[in-house]
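Going line by line, the protein sequences match chains A and B.
Under our numbering, residues 1 to 268 are what the first sequence spells out, in order.
Under our numbering, residues 1 to 333 are what the second sequence spells out, in order.
Think of the hints as simulated: they come from the structure by calculation, not from any bench.
Just so you know, these numbers come straight off a predicted model, no measurement behind them.
Positions of the beta carbon are idealized from the N, C-alpha and C atoms, including for glycine.
One or more of the hints may lead you astray.
Dumping the calculated DSBU-like pairs for lysine-lysine here, alpha-carbon to alpha-carbon at most 30 Å [said to hold, decoys possible]:
hint	chain 1	residue 1	chain 2	residue 2
1	A	65	B	214
2	A	235	A	201
3	B	214	A	77
Facing chain A, according to a computed beta carbon distance under 8 Å, are these residues of chain B, among others [as the list claims (entries may be wrong)]:
hint	residue
4	197
5	200
6	206
7	207
8	210
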Amino acid sequence: MSFLQVEGVGMRFGGLQALDNVTFDVEKGAVLGLIGPNGSGKTTMMNVISGVYKPSAGRVRFADKTIADVPTHNVCKLGIARTFQIVKPFASLTVRENVAVGAMYGREGGKRSTKGSFERSQELLEIVGLARVGDKAASDLTIPDRKRLEVAKALALDPDVLLLDEVMAGLNATEVDEAIDLIRTVNGRGVTLIIVEHLMKAIMSVCTSVVVLAEGRKIAEGLPHVVVQSPEVIKAYLGSRFAERQAQLEEIKREADLARQVEPGAHA
Amino acid sequence: MASTSTVKVLQKVGMGGITGNRYAIYVSCAVLAVLLVVPSLHNGYIENLMRGVLMFATLSLGWNLIGGYTGYVSFGNVVFFGVGATTSAVLWQHFQQQNILLAIVVAAFVAALMALVLGFPILRLKGHYFGIATLGIALATQEIIANIDWLGGGSVTSIRQVDFFSSYYYAMWAICALSLGATWFIARSKFGYALVAIRENEEAAAILGVDATKYKVFAWMISAMMAAAAGAVFAGANGSIDSPTAFAVDNNVFPIVMAILGGVGTVAGPLVGAFVLTAINETLWSRFPEIHTLFFGAVIVIVVLFLPRGILWLFAVRGGFRGFVNSLKAYRV
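Just chain B, with the same shape it has in the complex:
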C-alpha cells in the first residue's frame, strides 16, 4: 500500500518524474498572468508586497536548482543577490547607468562568473561541508564589499529611481517568469536528469557518464544568475542599497524555507512557497507585531513536521485525511 502510493505521489508532484506536476504549472502561469495587472491597481502597498513575492520566488527558484534538484544545499545564495544589488549600485554611482536591463545583464554575468570560480573548489565538498562553505562565502563577501569604498563600502549608496510605469515591478515579474520557465525547461532536459542523478547518487551518476563537477557548477551558475538579477532590480526599486540590506539574513533563509514549503525539487514549488510564506508573514506581522517572529518560527516547524515534501505534495495525496496520514507515515518512519 505504502509503496504504490509513494510512487504515485512522487510522480504527481513531479519528484519522481522530475518534470513537474502539470496542474501546478498551469496554476503558476495563471498566477503570474494575474500578477501582471497588479500595477494597474495603483495600490503602492500591494505592488510592493507582490514585487517582494516575485523577488523571493526568483531567489527560491534559484536556490531550488542547486539545493532541490542537485541536492547541494547552499546556505549562501544570498551572496549572489547581494552581488547583483551591488553591481546595480556601482553601475549608477560610477558609470551613471540607470538602464534596468543593463543592470540585470551585468549583475547576472558577474554572479555567474563568481559561481564558476567558487564552484570548482567548493562543489567538491559534500553535504554539510558544502553548506558551511557557502555560508562562509556569503559572510566573507559581505565584509569585503563593506570594506571597499568603490563598491559602496559601509555606507548607503543611493540609486536614482526612475520608476515610470512600474518598470521595476515588471522587471521583477519578467525575471521570475523567466526563472520559472528555465526551471520548467531544465527539469525535462538531459541536464535536469543529470542534476537529479547527482543528487540521488553521485558515484553511480559518474559511472553512467555524468560529469558531476561540470553540471554542478553549471547549475550553480544558473542559480546565481537568477539571484543576481533579482538583486539588481531590488536595488533599483529600493532606491538605495547598503551591505546589511543586500546581504540580509531574510534574503538567505526565506528562499530556502519557501522552496521547502512549496516542494523541494519541483518546478512550481518555490513560487507556491513564496506566496504562502509571504501571506503568513504579512498576516502575523499585522496581527501580532511584537511577537510575529515567534509565530513565524512555529509555522515553519509545523510545516516541516507535517509537510516534509511541501504543499504541492498535498495535491497529490488521495484518500482524504486518512491518505494524508498514511503517506505521512510512509515518509516519516
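In isolation and in its complexed conformation, chain A is listed as follows:
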C-alpha cells in the first residue's frame, strides 16, 4: 500500500468542475510533480490534499485516515504541511515569530516550550536562508524571501509530506537553483514532496514522477522525461495544432533518417 493515496477525487464549485475523478498514489520519499496548464486544478488538488477543501467526490487517504474527516488544523498533526501560492505571512509578526507559530502548534508543538519553538524557528531560518532577516517584520520581505518564509513555516510543522505550491514563481535563475537545492535537502531528510510548478527545469531536475492535469482530469503520469514527450501532454499545453505539427515533424525526421540510411548504399 502506498504512502498517500488520491482516490477518485472530484471537486465542483457551482458550475465549474475543477477536479474530475483524479486518482494517483505517492510513494514514501518521492518527489511528485503536479503539472498542467493554468486552470487545470493543481492548486485545487493541493487544497484538497491539505484539507482546506473537502472534495465533492472521492477521498485522499494518508496514515490510515481520510483527510476530509480531519479538521484543517489537525491535518498538520498527521504530518502534512503546505505552502500557499499566494503567500500568507502574519504581516505584523517578525519572520522568526512567523516560523515559531508553526513550531508551537505543529506536530511536535505540544512538546515544545515557547523558547524551544523560537530555537527551532532559528534553525529553520538558517536552513532556508532567512536568518539574516529574522527580526524583520514579515510584511517587509521581498517576494523570494516571502516564498522562503512559506517553506520555513511549513517545515516548522515537522511534516512527512510537504506540498509546495509554486514556490519558484518570480525567482531569478540563481534563486531557482537555490530553491532546487533546498528541495533536495528537504527530500534528503526523508520528507515526501508534492510540487506544483510551472518551471519545467525544476520539475525535470528534482521530480521522481509527474502527474499531469488538464481541465481537472489526469491526462498522464510517469517519469518526467517520458511524460513531457507524450502527445497528450503537448496537446494540453500547446494546443492540438501544435501537437499535429509536432507529429508531422516527427514523420519528416523519420523519413529523412530512412533516406540517409538508404543513400550510403546507393553511392556504394
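Given the structure of chain A, go ahead and fit chain B onto it with the hints provided.
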C-alpha cells in the same frame, strides 16, 4: 526608509513583537502603584474618578484581548459588564450576599459561561458580521434582563453599600492589575501568538495547526471575565443598578476608543488610553458642560486620524516631528 522604520516602530510598541513595550509596562506598573495611595487622600471626587479609570481600563483590556489581539472587533462587550453588575445585584437581592470577592467570582463565571455558549456560533462570523452579532447580543440581553423581575427587571435594584476602607476601590484596582498582568502573560505565551496568528490570517493559522475556534472562544471568555468582574464591583460601588446603567452605551464605546487611543493589540495601551480619555472627558466636561460631547467627538476623530496606532506609537517614533510625519505616511498611504 519607510520599511525599516515600520519594523522598528512595530517592535517597539509591541505590535511586531506582540510582547509589549517594556517601558510602557514599567510606566503602567508605576501608575498602578501610585493609584494604590488614592484612597488615603480622602478625596471622594478623585477616588470616584480613579475608580472609573480603573474600571474603564479593565473593560478596555478585556476588549483588547478579543478586538486587539485576536482581531475580532466586538461591539457588545458591555453585555458582560451588564451581566456582572446584574449578578452582583441578584446575589444581594435574593441571597443576601455582600461579599465582593464572591460577587466577582460568580460574575466572572457566569460571563465566561455566556461567552462560551455564544462564542461557538458567533465567532464563526468574520469582520463586520461578528461586530453586528455582538451588538445584537448586547441589546437583546439588556431587554431580556429588563423584562425578568427576578433579575431586577426594569426597576432600580439597590445594593447595600458596605464600603469600609474603600474596599470597592481596592477591588477595582486588583481587577485592573490582574487584567494587565494576564494580558502581559498572554502576550508572551503560545496562546498569545495563536491569537495574533488568527488576526493576521486565519486560514494560514489553521494550516499551522492553530485551532482557531477554540482559541477565539477562549480569548472571548477571558475578555468576558474581565468585563464581568468590573461590572460586579461597579454595581456594589454604585449602591444600586438598573439595566440602562449596567448596559450604558458609554461602557460599550469608551473601552474601544480607549484601546484605540492607547494602542490596539498592545499590553499597556488600554491603561494609557483610559487615563488620557478620562482626562480629556473630565476637562471638557468641566469647561464646556453644554457642548462637551461635541469636543469629545472631535478629539476622537483627530486621534484616529493622526494616531492610528495609538499613543504608545509616539514613544517609538524617532526623528522628532519629521519622523512622526514619515511614519504617519507609511501607515496612511
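Hints and how they fare:
1. A distance of roughly 23 Å separates the Cα atoms of residue 65 of chain A and residue 214 of chain B; the hinted pair therefore holds under the 30 Å criterion.
2. The straight-line distance between the Cα atoms of residue 235 of chain A and residue 201 of chain A is roughly 20 Å, inside the 30 Å bound, and the hint therefore holds.
3. Pair hint residue 214 of chain B plus residue 77 of chain A holds up; C-alpha atoms about 16 Å apart against a cutoff of 30 Å.
4. Because the beta carbon of residue 197 of chain B sits about 5 Å from the nearest beta carbon in chain A, less than 8 Å, this interface hint is met.
5. This hint holds: residue 200 of chain B has a C-beta 4 Å from the nearest C-beta of chain A, less than the 8 Å allowed.
6. Interface restraint check: residue 206 of chain B against chain A, minimum CB-CB distance 5 Å, threshold 8 Å, status holds.
7. Taking 8 Å as the C-beta cut-off, the interface hint given for residue 207 of chain B holds, the closest approach to chain A being about 6 Å.
8. With a cut of 8 Å, the hint placing residue 210 of chain B at the interface with chain A holds, because the nearest CB-to-CB distance is about 5 Å.
The structure shown violates none of the earlier numbered hints.
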